[in-house]
Each structure stands twice: as C-alpha cells, then as structure tokens.
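Student: Order-wise, the sequence lines are chains A, B, C and D. According to my numbering, the first sequence is numbered sequentially starting from 10. According to my numbering, the second sequence is numbered sequentially starting from 10. According to my numbering, the third sequence is numbered sequentially starting from 10. According to my numbering, the fourth sequence is numbered sequentially starting from 10.
Quick caveat, the hints were computed from the structure, so don't treat them as lab data. Every value quoted in this text rests on a predicted model; they were computed, and no experiment measured them. There's no promise every hint is true.
One copy or two, either will do: identical chains are not told apart, so a pair holds if it fits within one copy or between any two.
Said to hold, decoys possible - In the DSSO-like style, the derived pairs of lysine-lysine whose C-alpha atoms are separated by at most 27 Å in a straight line are: (1) 262 to 59; (2) 205 to 262; (3) 59 to 205; (4) 59 to 150; (5) 100 to 59; (6) 205 to 100; (7) 100 to 155; (8) 59 to 155; (9) 150 to 205.
In case you want the letters, here they are:
Number of protein chains: 4
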Amino acid sequence: MNTFGHLFRVTTFGESHGPAIGCVIDGCPPGLEIAAEEFAHDLQRRATGKTRHTSARHEADEVEILSGVYEGRTTGTPIALLIRNTDQRSKDYANIARQFRPGHADYSYWQKYGIRDPRGGGRSSARETTMRVAAAVVAKKWLAEKFGIVVRGYLAQLGDITPNAFDWNAVEGNPFFWPCAVQVPELESYMDALRKSGDSVGARVNVVADNVPPGWGEPIYGKLDGELASALMSINAVKGVEIGDGFASVAQKGTQHRDLMSMQGFLSNHAGGILGGISTGQAVTASIALKPTSSLRLPGQSIDIDGNAIEVVTTGRHDPCVGIRATPIAEAMVALVLIDQALRHRAQCGDVGEVSPRIPGMDVGAT
Amino acid sequence: MNTFGHLFRVTTFGESHGPAIGCVIDGCPPGLEIAAEEFAHDLQRRATGKTRHTSARHEADEVEILSGVYEGRTTGTPIALLIRNTDQRSKDYANIARQFRPGHADYSYWQKYGIRDPRGGGRSSARETTMRVAAAVVAKKWLAEKFGIVVRGYLAQLGDITPNAFDWNAVEGNPFFWPCAVQVPELESYMDALRKSGDSVGARVNVVADNVPPGWGEPIYGKLDGELASALMSINAVKGVEIGDGFASVAQKGTQHRDLMSMQGFLSNHAGGILGGISTGQAVTASIALKPTSSLRLPGQSIDIDGNAIEVVTTGRHDPCVGIRATPIAEAMVALVLIDQALRHRAQCGDVGEVSPRIPGMDVGAT
Amino acid sequence: MNTFGHLFRVTTFGESHGPAIGCVIDGCPPGLEIAAEEFAHDLQRRATGKTRHTSARHEADEVEILSGVYEGRTTGTPIALLIRNTDQRSKDYANIARQFRPGHADYSYWQKYGIRDPRGGGRSSARETTMRVAAAVVAKKWLAEKFGIVVRGYLAQLGDITPNAFDWNAVEGNPFFWPCAVQVPELESYMDALRKSGDSVGARVNVVADNVPPGWGEPIYGKLDGELASALMSINAVKGVEIGDGFASVAQKGTQHRDLMSMQGFLSNHAGGILGGISTGQAVTASIALKPTSSLRLPGQSIDIDGNAIEVVTTGRHDPCVGIRATPIAEAMVALVLIDQALRHRAQCGDVGEVSPRIPGMDVGAT
Amino acid sequence: MNTFGHLFRVTTFGESHGPAIGCVIDGCPPGLEIAAEEFAHDLQRRATGKTRHTSARHEADEVEILSGVYEGRTTGTPIALLIRNTDQRSKDYANIARQFRPGHADYSYWQKYGIRDPRGGGRSSARETTMRVAAAVVAKKWLAEKFGIVVRGYLAQLGDITPNAFDWNAVEGNPFFWPCAVQVPELESYMDALRKSGDSVGARVNVVADNVPPGWGEPIYGKLDGELASALMSINAVKGVEIGDGFASVAQKGTQHRDLMSMQGFLSNHAGGILGGISTGQAVTASIALKPTSSLRLPGQSIDIDGNAIEVVTTGRHDPCVGIRATPIAEAMVALVLIDQALRHRAQCGDVGEVSPRIPGMDVGAT
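Given the sequences, and given the hints that come with them, work out the whole structure.
Tutor: Okay, here's the thing in structure tokens:
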C-alpha cells in the first residue's frame, strides 16, 4: 500500500538513507506541460536545512524525470520521478539500530516485519513525503489549468501560539508559513528556546482549496472528506483531521452550523465545502494536528532489541517541530485527493452537464 | 465507491425509502459460525424509534442471509444480507423534492448526478449505516474469536456536556451510550428541551479497540490510522477524527506526548495504539466529531430547484442529535478496518512469526 | 473477488440452491432509463428449460430492482438486482455432498475453504452467470445509447461441427445461437444423440462488438484485450480465449497478419480491433473455448471425502453442452469490460478531443 | 493501469528510448534474501542482441536496487529497481514519428492520448517487459523457497514448426527455448531465411508451474485462470491464451476431458491444474499465441499523421519473431500471478489448515 489514489495513482518508494527516493505517477492526463524545473519551488518549501528551525540535513532534491514526458508534455504513460539522496549520515543511527525510540515507528515496524532499516527512520522518515510533494506539483498544475483551483495552506498553531491576524500574503514570507507577519520574531524566539531545551512541540496546519467545482466526491465510502481524512492522516505525525468546523461542531447547534444558501452564494462555510461527501462549490477546508517529534535529545525510558530496559537519547538531525514544514505536504495530499476525485467524477458523471441552479463559490472567509 | 475494504470488502446498497437496504460481504474467512439472529443486538443499538430522543421511524431491521452461509457457517463466498424497509413515509418528503435543505446533501447530490432520490434523503440517509453495523457483526465476531479483540464505544460529549466519570458498565445501560449513569437524567432533560426548541446539537463519540496485536497497518498510504480516519469520516455528519490524543497533541511537548516503553507495557497511550501507521499492541483509540443534524423545524434560508429564494422548514422524522445513535456505527467502522488490516497483514507477513521483544498491551487508561 | 470492473463495478452473490442470487452495480452513470422488464430478454436467452437441449431446471428469473433507480432512471448510486431461486432440487445432490466429481470444482473448493455448499454446485454453478447477464443489460444499454455499440455473439463450433455459412439474422432464430439456419436440424440430432449417450461436448463462442471507438483500453496491464481475456476466462468452463486471429497468428507471417490502413478504413481485421491493448475503431472480436460439462451420467473414477476410491455418477439436471447457452454470457462479459474501459478512458483522457486522422470503422467481415 | 497484482503489486515505468526503465514491487513479504546479481540470469534469457535471430539492440540491463532491501533482505517496503537504457538509437525512428505502422500500436496510442513517444515504440515497446522479468525474479524466488514451485516455459511452435520430441533439458540449451535439440539447426535456417525475406512469423509458448498447492485462486472474477489469461494477454503480441487443453476442449467429449481422480493422483491433466478457478494441486499449464512482429522492412499501405496515404517501411532494429524471447516473459507473468494469489489465499483462508483428503500432484505429462 505504497500507492495513493484510484485513477491518478502515486506510488512512492525509498528510504531516508537509501540511494534514492522516487515515485511513479500513473493515470496522469496526457498533454500537460511539465518540466523538471517546476518541481523545485514546492520541494524547497518542504526542504530541511534552510533555517535553524528545521533539521540540518541538506538535500539538493534534484528531480530527474525518467519517463512519461515527451517533448515537455505528459504522454499518459507513467511518470517516474527520481531524487538521489546526497546527505545521509547513517553512522548517526548506528546506536539506535538496536534500540526502540519511544513515540517512533521503530517498534511497530519491527513487530510487523521482523526486520527494519534503522538508518534515519528508513521508510517511516518524513523524507518519503518529498515525493508526495513532487507528485502533487503535477496535480496542482492540472487542477489550476483546468479549473483554476488553488490549494494552499498555512501554519495555524505552533504549540499554544495562534495567529493574531490572517493574511495569505504573509504566509510565504516566513519559514513557518505563518499568516501573521508581526508574530514571526515571537515564533523564532519560541523555536530557539525549544531547540535549546532539547524538547519538541506540536502544530496545526490548515489547508484551503479554492474553486473546487460542486459534485466532486463519491458518497458513502469514497467521500471527498473521507479521502481527505486518510490522505492527511497518512502524513507523518498527524493525529487528527478536521473538515470545516471539525470538532467545534460538537458544541454547535444546527442553526449555527448549517450553511444557509442563496443564489448569490452560501452565507457561511461551516461545512468546509463538503456535504454528504460531495463538494458544494465552496472552498474546501481542512485542518490537521501534528504531534511533537519523538526524536529528542532528552532521555526517555525504553527497551532494546534484547528486551533490556534502556534510556534512549536521540542525537541525529531532527526537526523540533515537524509542523513547520508540513504545510506543503498537507497541500500536496489535498491536491492528490482532488485530482483523483476530479477524474473519477468525470468518469461516472461525464454525461451530466452543468446542473442548474448553481450557486457561485462566494468567499465567506474560509479561514 | 460503495465498497469498503480491500480484502474484507463490504458493499452496501439501498435508499432510505426504497424497497430494501442490503450489503454484500466479500472475502470473509470461511468456517465462521453466523446466524441471522446474531445481527439483532447491534442493529437494535443503532435503531431509531426506541426512545423519544431519536427519530420516530420504527424499522424491524430483520436480516435475511441470502448467500455465503451453509449449515450455519461462512463458506468463503459472498455473504449477502438483506433488510426490507417497512416504515417509509415518503409523502413527508414531497415538498422537499424541489427544495435544497441547508447543511444537507440535497444540493451536492443534485450537482453531481443531475438527479436525486429525495425520499428520506435517499442514499445519503443514515439508514445506509444499518448495513455497516450488520456487516461489522461478522467482523467483530471473527476479531473476537481469533484475537480476543473487543471494539466498543461511548458518547464522550453531547453539545457542551462531558462525562463526569467513566464506567464501561454504564455505557450500555442508557440510550445515549453515556459512560456516567448519574448524568443520564441531565441528558434527558437536555434532549427534551432541544427537541422542543426545534434545534439540533453536535456530539463526540469515542471508540476503543482492545487486544489489537502489534503489526497491523500498512505504512505510508494504507496506515491503520489513515484508514480509520476515512472509515470514521465516511459516517454521516462526521466532521473530525482524532487518533489517540488527536488535536491535544498540537500544544504538547515531545516529552509529554511520547509513550515511554518498558517490558511491562507502555507507560501511557497518547499515540492511540498506533505508531508509523502500525499498531503497537496497545488499545487503539479514536474519537469523532458529529455535527448537529441539518434537518430542522426552524426555518432556514435556501433556494429551490428553479433558483428561487425560499425558507426551508423540515418536518419529517429526524434525530435532534445523530451522535446519540452513532456509537455502534463508529464501532462498526473500526471493526471493518481492523479485520481488513488483519487479513492484509497475514497476507504479506504471514511468514514472520511472533517477533521478540514483545511488550504486553497493558491498559493505561485509554479513555 | 466477487467484484468485476474498476469503475463500473459489478458484485454478484448467491448460490445455485440458495434463497436468491443477486448483484450490485456500482458506478453506473446517472440518468439512464431502466425498467425491470428490460432484463427479461437477455435472461431468457441465457435460461435453461426452454428446449430439451439444456438443463430441465426452470427458473422464472424475475428481477427486482432494490435500489439505485428513481422514477425509472439510474441515480448514480448502487443498483441492486435480486432474483429469487424457485426451482432448486437440492435433494438431487445429497449423495454428491461427500463425493468429488471429476472435472468439477468440488475438490478445489474443498481444498481452498475446507467447507463447500454442494447443492447444485453452490457458488461454482453457472447459475451465478445469470447476474452477469442482468448487469450487462445496463451496460449494453448505455453503450448503445452513447456510442451505438452493439455486442453480439454466436456459437461458432459445437464439438466438431462448424458453420457452413454465416448470417447474423439466423443466430437468434434457433436455440443454439447458430449462424447458419439450414444446419439447425443437424445440431438437434447431434444433441439428441449426445444426450442419449450420457456424454457431453465442448463448444466455441464468438463475440463481436461493433462501433467501439478508438482509444479504449489501458496499455500494459489494463489492456482492453487483457481484460477481455480475464472476463471471458472467468466464465464457467472456458479454457481458452482468442482476440482477432488468436492462435491462427502462430503460423502467420507479418505481411499476412498486419492490418493495412487507409483513410477509408483498415483493409482487414486480424487484430480483432485492438493494437497495443487499445481499441482501433474496428470491430472488437473475441472467441472462447468451452470445455465439455463434467457432470455426466457415465460413471467416472474418483474419491470421496474420506479418501475412498469411488465411481461417480451424476444424476441431477445438467447441460450436455454448456456452450449452447454461453453466447449471452460471453456478450455480457464483453459489454462489462467495454463500459468499464469507456469510463476509465474518459477519466484520464477526457481532455483529449477527437484526434485526427481518424479511420472509419469499416466492416471487413469480422467473422 | 501500469500496476499488476492486488497484494504483490508491480508497477513498471519507462519508454524504449527514455533515460531508464524501472519498476516498484510493493507488498513483497519481508525477510527474503535478494541481491542485484540475481536479476542477471532471467534478464539475459530475455535480452536481445545475443544471437542474430533477435534484434541487434544490446542493453546491459544492469539492475540497481533503489529501496526495500536492507542488508541483503527485503524489508516489506517497496522495492524499486532501475535499469538505465544505454543503446537507444532514436534517430532510426525520426521518419516514423509522423507515420502509423500497420499492426503496431502507433495509431491506437495516438487516438487515445493525442500524443505519443515514437522513439522505439515508446511505452508500447517490448522493452517494458524487461521489468516484468526483473520483478518476477523476486516472485520466483519466494515461490520456490516457500512451496518448491518451479515456473518454466518453452517455445512450442515457431511458424508451422512444432517440436518432434520434448526434453526440459534441451530448452535452455538453445536460443529459442526449444525442447528438441536436434531441431535447432532447422530453426536456425528457418530464421535466417525469414530474416533475409524481411518478413516475420508468429509463435506459441507454453508455461508449466509445478508444485502449486491446491486452493489458490479466487472463484468467479479473480479466478486463477482468469488472472493468468489477462497476465499473459498483457504481453506484447499475444493474441490467445489457453489453460490446459484450451481450444482442443471444443471438440472433446466430457469423458475425454474430465480428469479422473485417485488418492495416488489425478489420472490426467486436461484441466491444466485449475478447476472452478482454483488450483487442484496438479501442474498449472498455459499456452499463448504470439502474432508475427508488425515492424517489417517489406512496405505496407498506411497513412501518415496528416491523413495522407503512404507506404511504410520499418528500418530500426526488430525481432523477426518476438516469440523467441517470450518464454521468460511468459514465465514472469505466471509467477507474478501465482505469488499474488498465494498471498490472497493466505489472507482469506489462513485459518484453514491442510484439508484432507489431499491428492498428490503426480506428474501426468503436463506437456
């Protein structure tokens, strides 16, 4: 199950410290222009090593297109993308090969397979998400060209800090994807103190997809929100997913939650753009909770491979808050769900034209 | 996409006011004893019409086994289950056939298919979940017999009321699945007032699966938590899913969140029994947010099929809080995910024996 | 794996002597008119009990539509079809419950599941194919309405008898689907003698799909011919599948086999309308070999459930040549493959318009 | 649909003249020893350029393992294999970029995608089958280690030449995989004359899998024979597939065809080791028809991209009989089907032990 999607299918492979990581995109519509350079922007947004607030590992993340593109356009055959790993330091992990780090996938992989690649977390490393971001570059481009869809996200909470204001223009101007520029120094101090302490912290990331047409999503088990949930939950460290108002809905009344309708637009967007598993034409909104990183310099009680009680101290290079770099990954998963549902929708409902009455996707402050 | 699961596959069919609802369970292990009577218990837990706090619709929910069982045991061929609908009142819905109810799937189905069955919500009705519960009776039985797994849930929040105490024994003793018996009168008064007001309210349901062995779940895209997320999000009205500490993880430090390990057991269960998408051997815990029902007697602004502005008032028979009956449905979805992952795990890793060191699944207060 | 197809998915259930057989069609395009009466024609073509040349079992094969159709049109939700079994004679099978019939699936089912339903062959009975034919009624109608596609077949060999002439108009005028009317008395005498002898015989059925547009089929593993092969091989008793010239290609030269091209049409159709797994716009042609029925009155050496050597004599009601009724089943499987590929094609390639130059699908004598 | 299999999933990518070809094997059982050197043997059996009877293209076919193997053993995570293309001569194809070769996939790809990579046939080239053979090296090894299964094939017909005798030991001793050593000079002369003539010829390849346990295969749509049919039909140039007696069954009587049973073994193997879609424990036998290559030096009538009538002459490097190299490819597809069914069988039926009575898989002359 290293394949994601039903019609636009992405299969990723590779370990953190193996020779390479890569993916195969199968089912991409033909005729889309794509060049190796186009992957750089989102890969850089996800990359470590750019500021002191993330892991010091520095990878070039240079994408080689191995197949599926001819004279600059997709041919409809599988697009294989390859990135060589260049900055492994496997010796950092020699001592943890026989230890289980609390809160990490070491123990569960070991119990499942009876073997694991301990170097840099092997397959369970966030390094794998590089290829999700790469694959989503193709998805985002098609969604934008065909439907004008824009998928973008931001950091909505860091530990207990929340934004004081919201401005999309601020988001890309700081290494945290934070929507309030004046708070950035506060975040930097917070992260500096955290890093010094040896501890880590959780985060929340929000994603908004604008211009999603109504009608996408397969009701019952292939619901748009159901697939967003698994897609987002599949990101390393994610422990919760919300659509629209999410858990706030628990304490709401029906009169508060239901989005009233007019021919000028919906009057609110508590639903997050999805009703009955199908998009409504409003912005699709999702929010995720990321747990604090488990790889800490602070010692923790654990066991080793022989069943001995031990104290684990993780040295290697790690992010004190994985949420900081999670924004492009969350966007990627949303984009991959959307393109897959778009193709599935036109497969089944390609005979249905534009249905009236259609409510415009008026922006009601999705954030 | 009315099929759920990869190896233990459940396909449901049927509309709220059609002649029947049913499901086909494909891939069930052979040799399991199952009788038509065994479905009654969980179906009654899910049924409406038992107390004044849920919809007044009264269905017998009598299950006919059409195939796949021979002399009381599953044969490995598809098990078809059929329930005839007996208490439809489609005339209640005559006026809403041309209206779109705010917060309901009317509009999104219409936009997707260009046609919809308006009687009782058609396919988008919670009536469909009856068959999920029925299918999960088979799953729960196999999981219990093979692994001693117990999947059970409870109502963890109703509007802004939360339990004052927790006792599994209380849960099945009241119509709300509430874990604190002394609060039941309070809940009844709350629901009476709510019903009288014509409004509805949201709820939170928690599910716990005990005795899940370590090693279940397919890392990356078929993660155990990822599949729980989509399974639970696919339940009508669900807007959020958490695994373990869920959104509380956002404000936690790594030293708080990581579950320390000893050969006597994990020392906590913030992870909800899943690390890297694979079960750890601890209790698997999940929590869901259910939005308040959208079908209200209180008028709401909307449009009709001709694009006219209207006020919608929903009369029919509806639940003022769908969360009340959601506990068996949530349990069902968790059980269906678990049996599917169990089969997938032994497919790939059937050659791997019990791996040492193995930590016992000590109970650390999963609730 | 009782589900067929990727987007137009048909799941069948039921045993030969169970209470009912049925299917669920998921992914059907919405808006297609369909009524219960429309299933009768093809089901009657497939039915036993109409002439002395097939099994004497007489089933009404009355279809009940349980879901997915509203006011006579498909809604896009799953269409469940149900047929009650009415003419079981399970007592006929009492003695074979503990015996393995040579050439039958008794032994292989027993080895797989450790349990089997012996009544009438249980799930392995050709009774199951009833629901394939029913599901294909929907597929054929959509293919005809959208593309003018006609899928039709005929008996191309019975034992060692082959047609002396070919006329589509003859095919539906005799119980054998034989394309040469003057040979029908010869076939009848042949079958009478065969039945009297207690033996059975094999057959060949050809299927032709006219008006399939170019471009359908997914190259490599989801090839149109590959999927036709598995679809046709999945029919009971089929031992071989050919596309176009099939095994005759072995002794051909390239200059003989390749279909020369002109803007007026292809000059021949050795390829059977498929190149590289993708339709060319010519008629799609396939041929299948059906083995002789294994259930014979003539005794055969075998074993029983206790490992004793026995002589098996099958009494029950059986077809001396299953190939006689196989024509509508083969058509059904071809139609199900085509609609699924049609939906998959427009999912991926919906942006590609009609591509020039396009060669007309000139008829070159597909038979 | 460039992925093959349900649980042991192989995704291939790459074009004939692209930078590389590769595959990702997902779902492989963990703990299997595998080294890059082990791929060489079967890849060399499939390779061109070794004798004058196949295409002159010479590829090193050096496999790089990019992931999924740690310290020489599979880890259960995806195994990515990469082979760089080293002997492309794309300029050979400059003139056919605007022409459609009769009998080739040029026209059908163009109609499907509106774009195609003409260099060496692009994705439709037999070069893609290299990765099938590579993936099957892993499958064959697991099948051999776990069950003693041996999958092997041979050329059973070349044009109208058939073997005069059968000896497995002869098969690997000549470049044709011919089972009768004394005929090899005859085949060489035949091929020399054919090559000189500029024409091509068809072939038949047989595959036998010994030691397949009873019980593998999913009845109805996931039948073992059904999946073999699509797997084998998916090989380039295949136009027909037979299981067991195949098309010979058409003229057989039931008393001839049915395989009588004894506790010492089946008395014959007309069924090809499969009944009701499930293996019986006998050798699984399949046979395929390969059409003559379409790329000929002899001119053929066709059209170009502008719709002009043209004469096509193919120069490039081509096989005059693709069947010669097809044996390892056919073996590969059979092995991939078997491992997938093996995993699926233990998923569903892992609780069923060895079922008695079990007939030994006595060899009855499968060839």
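Student: Evaluate each hint against the coordinates.
Tutor: Do the hints match the structure? See the list:
1. Only between protomers do residue 262 and residue 59 lie at most 27 Å apart by alpha-carbon distance; the minimum there is 23 Å, versus 45 Å within a single protomer.
2. In the homo-oligomer, the alpha carbons of residue 205 and residue 262 lie at most 27 Å apart only across protomers (13 Å), although the nearest pairing inside one protomer, at 45 Å, exceeds that limit.
3. In this assembly of identical chains, the alpha carbons of residue 59 and residue 205 lie at most 27 Å apart only when taken from the same copy (18 Å versus 59 Å across copies).
4. Taking the shortest Cα distances, residue 59 and residue 150 sit within 27 Å of each other inside one copy (25 Å), while across copies they are farther apart (45 Å).
5. Only within a single protomer do residue 100 and residue 59 lie at most 27 Å apart by alpha-carbon distance; the minimum there is 23 Å, versus 44 Å between protomers.
6. For a Cα distance limit of 27 Å, the shortest separation of residue 205 from residue 100 inside one copy, 23 Å, qualifies, whereas the shortest one across copies, 60 Å, does not.
7. For the identical chains of this complex, residue 100 and residue 155 are neighbours neither inside a copy (47 Å) nor across copies (35 Å), given an alpha-carbon limit of 27 Å.
8. For a Cα distance limit of 27 Å, the shortest separation of residue 59 from residue 155 qualifies neither inside one copy, at 33 Å, nor across copies, at 49 Å.
9. For the homomeric pair residue 150 and residue 205, neither the shortest alpha-carbon distance inside one copy (40 Å) nor that between copies (51 Å) is at most 27 Å.
When each numbered hint is compared with the structure, violations occur for hints 7, 8 and 9.
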